[in-house]
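Spelled out from the first residue to the last, the chains are:
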Amino acid sequence: ILNVEQSPQSLHVQEGDSTNFTCSFPSSNFYALHWYRWETAKSPEALFVMTLNGDEKKKGRISATLNTKEGYSYLYIKGSQPEDSATYLCAFNTNAGKSTFGDGTTLTVKP
Amino acid sequence: DTGVSQNPRHKITKRGQNVTFRCDPISEHNRLYWYRQTLGQGPEFLTYFQNEAQLEKSRLLSDRFSAERPKGSFSTLEIQRTEQGDSAMYLCASSRLIDSANYGYTFGSGTRLTVV
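Line order of the protein sequences matches chains E and Z.
All residue numbers for the first sequence refer to my numbering, where the first residue is 15 and numbers rise by one.
All residue numbers for the second sequence refer to my numbering, where the first residue is 252 and numbers rise by one.
Rather than coming from a laboratory, the hints here were simulated on the basis of the structure.
Note that the structure is a prediction, hence the values are computed from the model and not measured.
Be careful, since some hints might not be right.
To give an idea of the chain E side of the interface with chain Z (calculated C-beta under 10 Å), a few residues [said to hold, decoys possible]: (1) H48; (2) T114; (3) F115.
Partial selection, computed: residues in chain E whose CB lies under 10 Å from chain Z [stated by the list, open to error]: (4) Y50; (5) E59; (6) Y90; (7) G93; (8) A110.
Just so it is clear, CB atoms sit at the ideal spot from N, CA and C, and this is done for glycine as well.
Construct all of the structure, not just a fragment, from the sequences and the given hints.
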């Protein structure tokens, strides 16, 4: 059983704060790491797909880094807004098949 | 294409009854996945298909669970003799084989099952 861990479990920040979360995964048999955002009452939405050690991806105020050798990825949100409130999931792949998900980090941004 | 569609959105059933859920993936996606999610946990893998072939089924899945994808289009997930522990959100996702590691999954809105 693959162990994918996310921390913290939950996070409460003020609007305008910058924040980051961690996803830890096995450092062997790496194929890809996905980040998803899951807003309440909606479907999980793919944010980033990361495949190469040292990868950095950015979408607006959100960015992610990847270290496959040590088995972690960081997700950063700059200047958090209330609409960023969601659960952020990471998913680890050892091949092009199924993903193994972490339990997520739930972010609440207070106006 | 309207994305991945799941029906019903909610299902309440009595313990011991059988239930069936349906998933309609994005038409050009040949991979289809079923996951189960309970409160405070991440999605847990159940099974996945490539076209009509079921490629993998979780060892955590009991014999009460069965999934099909006839003709490689929509898929159904059936749970027989439901138990209270089956209460969860059942998520379906699809992807293209070549791109499954490039674009991630496209998820449906899920079916929330409550067993009373």
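Checked hints:
1. Taking 10 Å as the C-beta cut-off, the interface hint given for H48 (chain E) holds, the closest approach to chain Z being about 4 Å.
2. About 7 Å separates the beta-carbon of T114 (chain E) from the nearest beta-carbon of chain Z, less than 10 Å, and the hint is met.
3. A least Cβ separation of about 4 Å between F115 (chain E) and chain Z falls short of the 10 Å threshold, and the interface hint therefore holds.
4. Of the supplied interface hints, the one on Y50 (chain E) holds, with its beta-carbon coming within about 7 Å of a beta-carbon of chain Z, less than 10 Å.
5. Contact between E59 (chain E) and chain Z, as hinted, is supported at the beta carbon level, the nearest pair being about 8 Å apart and thus within 10 Å.
6. Among the interface hints, the one on Y90 (chain E) is violated; its C-beta lies about 19 Å from the nearest C-beta in chain Z, farther than the 10 Å criterion.
7. Evaluation of the G93 (chain E) hint against chain Z yields a violated restraint, the C-beta minimum of about 25 Å exceeding 10 Å.
8. The interface hint given for A110 (chain E) is met, as the beta carbon of that residue sits about 5 Å from the closest beta carbon of chain Z, less than 10 Å.
Hints 6 and 7, counting from the list given before, are not met by this structure.
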